[in-house]
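Peer 1: Keeping their order, the protein sequence lines are chains A and B. Using our numbering, read the first sequence as starting at -12 and increasing by one per residue. Using our numbering, read the second sequence as starting at -12 and increasing by one per residue.
Any given hint might turn out to be false.
The list treats identical chains as interchangeable, and a pair is accepted whether it falls inside one copy or across any two copies.
Said to hold, decoys possible - Derived DSSO-like pairs: lysine-lysine, alpha-carbon spacing no greater than 30 Å straight-line: (1) LYS133 x LYS9; (2) LYS188 x LYS229; (3) LYS98 x LYS73; (4) LYS97 x LYS59; (5) LYS140 x LYS188; (6) LYS59 x LYS140; (7) LYS188 x LYS59; (8) LYS97 x LYS188; (9) LYS226 x LYS188; (10) LYS188 x LYS117.
To be clear, the hints were calculated from the coordinates, so they are not data collected in a lab. All values derive from a computational prediction rather than experimental measurement.
Number of protein chains: 2
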Amino acid sequence: MEKVGFIGLGIMGKPMARNLLKAGYELCVYDVVEDAVREVVQNGAKAGNSIEEAIDGVDVVVTMLPDSPHVKEVILGEGGVLAYAKKGTIVIDMSSISPTVSQEVAAECKKKGIRFLDAPVSGGEPKAVKGTLAIMVGGKEEDFQKVKALLLKMGSTAVLIGGVGSGNVAKIANQMMVALNIAAMSEAMVLVEKSGVDPEKVYQAIRSGLAGSTVLDSKMPMVLEGDFTPGFRIELHIKDLKNALDCAHLVNSPIPLTAEVMEIMQGLKVAGMQASDHSAIICHYERLADVEVRKEY
Amino acid sequence: MEKVGFIGLGIMGKPMARNLLKAGYELCVYDVVEDAVREVVQNGAKAGNSIEEAIDGVDVVVTMLPDSPHVKEVILGEGGVLAYAKKGTIVIDMSSISPTVSQEVAAECKKKGIRFLDAPVSGGEPKAVKGTLAIMVGGKEEDFQKVKALLLKMGSTAVLIGGVGSGNVAKIANQMMVALNIAAMSEAMVLVEKSGVDPEKVYQAIRSGLAGSTVLDSKMPMVLEGDFTPGFRIELHIKDLKNALDCAHLVNSPIPLTAEVMEIMQGLKVAGMQASDHSAIICHYERLADVEVRKEY
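Just chain A, same shape as in the assembly (with noise of 0.2 Å):
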């Protein structure tokens, strides 16, 4: 079984590496949050200290951080990953970042003989503590093939999109979707209740057509329920869109519906919202339509 050196605890790293653990694979684990690293530990992982200690004799690295700068430090920053990396370390970055970030990591890997992949997560925490995640990853394919076991053991499925920042780029296009799909569907059920008709009875007839999506499913119980516990935060959801204009100011291609739905998401954040699933979208269109609103806004 290879040695792993995993950085980043968090909500979603912590499922994450446990899945790793049970897996059988050697973990090395740190974090800024030493209480993450002690809970981890419990689980069968070793304590780093340090990313050096982390990193110390490992073929792989993986780390699952907040976004792009969390990256570059954690990985080219001081006492970082690139100082200590033995020459032909894969170094798997989890996150979802910029995926000109993932590049210029990349690249930086490069000039010291250590190899990256992207390998960006979508399914939220619950997918997460079941492993069945779905990894859509950037690099090349020999890197690839070498690590696409370790990270069947954290999700059901693991995609080679093309080379490294794909991952991301499929991640941004994935946040997009479901971002304008969260508001199409809020947009459209606070009109239906405004006319006095039952938003549920709506639902269920539409389901099955071309209007049926998996955000539709997924959330408009939550919604008809006025239940907005994440599932996936606003403000993550901010930070993922965010990272999809910068890219799409980078590549050239607008994407103004996006812009709106982020701004959306952010006078929801002003307002105290940050924590709520996205689905919270909807409070904007009744705050809009005058109805009352199922939430603090």
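Chain A is already provided as a structure; the job is to place chain B on it using the hints.
Peer 2: Quick look at chain B alone, frame taken from chain A:
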């Protein structure tokens, strides 16, 4: 078997009438286009030379017309349904029109003892042919029960949503979500392409996750082939979204993203693509992003 008067033999009405004939209903049909009447007469219908003839002695009148003004004219106008229908007749308007027009027409019907249901459909020509439309009904429960069996000869589902007009409210909600889900897919996929990543690989990687939708699975293959054969024509979708906006303004429920996607479609119409499938929305984004557009635009 009941006798049915069927008015409106367009792309949708023709196959719907045929399915009623196949099921054994006695049909008398009328359309301003005489050729359309002749075609359905070959399938066993009786020809009406006027609305008066078409509804003579029937228990049920079905109308399938382009938009609100046609429905008002055919039902309320001079020589229209209300001038000749016997008391107790059930008028089922299966056109996709403004919910307020449905209510207006229903009120006039009521004055003369005529019962009215709005019952717009979703699924387009292919499902009209197969008799597998999704039918969204607004009106009284007892009237719905009387014609449910008849509706189920044209559709695979017929759901009573609420009072008169609620069928069209559901249809509007459906069309808003479809339009915005197509725009979401298009905005994301052009970004993917401009990032140098293969849209088909991204599609395959994300289709089973939260971004999955019936729009994605039915339209993405068309988009990848550059095939914009309708399907559902842009000009018809514009009409439906115009009804959505009229409804939204009336009930004071702002729908800014729908307005924006309607104007995107309007731009395609101006460019001569009114008869393309609504998945051609992607051509708008291709032009925005200055990539080679798949169709003259």
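Peer 1: Each of the hints needs a verdict: does it hold here or not?
Peer 2: The hints, checked one at a time:
For the identical chains of this complex, LYS133 and LYS9 are intra-copy neighbours only, at 19 Å inside a copy versus 60 Å across copies, given an alpha-carbon limit of 30 Å. Within a single copy, LYS188 and LYS229 get their C-alpha atoms only as close as 35 Å, which misses the 30 Å cut-off; across copies the closest is 23 Å, which meets it. Taking the shortest alpha-carbon separations for LYS98 and LYS73, only the intra-copy value of 12 Å comes in at or below 30 Å, while the best inter-copy value is 86 Å. Taking the closest pair of Cα atoms, LYS97 and LYS59 come within 30 Å of each other only inside a single copy of the chain (15 Å); across copies the shortest separation is 70 Å, beyond that limit.
With identical chains, the CA atoms of LYS140 and LYS188 are at most 30 Å apart between copies only, with a shortest distance of 22 Å across copies and 40 Å within one. Proximity of LYS59 and LYS140 under a CA criterion of 30 Å is satisfied intra-copy only: 26 Å inside one chain copy versus 62 Å between copies. With identical chains, the CA atoms of LYS188 and LYS59 are at most 30 Å apart between copies only, with a shortest distance of 27 Å across copies and 49 Å within one. In this assembly of identical chains, LYS97 and LYS188 lie within 30 Å of each other by CA distance solely across copies; the values are 25 Å between and 56 Å within a copy.
In this homomeric assembly, LYS226 and LYS188 come within 30 Å of each other (Cα to Cα) only across copies, at 24 Å, whereas the closest approach inside a single copy is 34 Å. Only between protomers do LYS188 and LYS117 lie at most 30 Å apart by alpha-carbon distance; the minimum there is 25 Å, versus 32 Å within a single protomer.
Every hint, counting from the list given before, is met by this structure.
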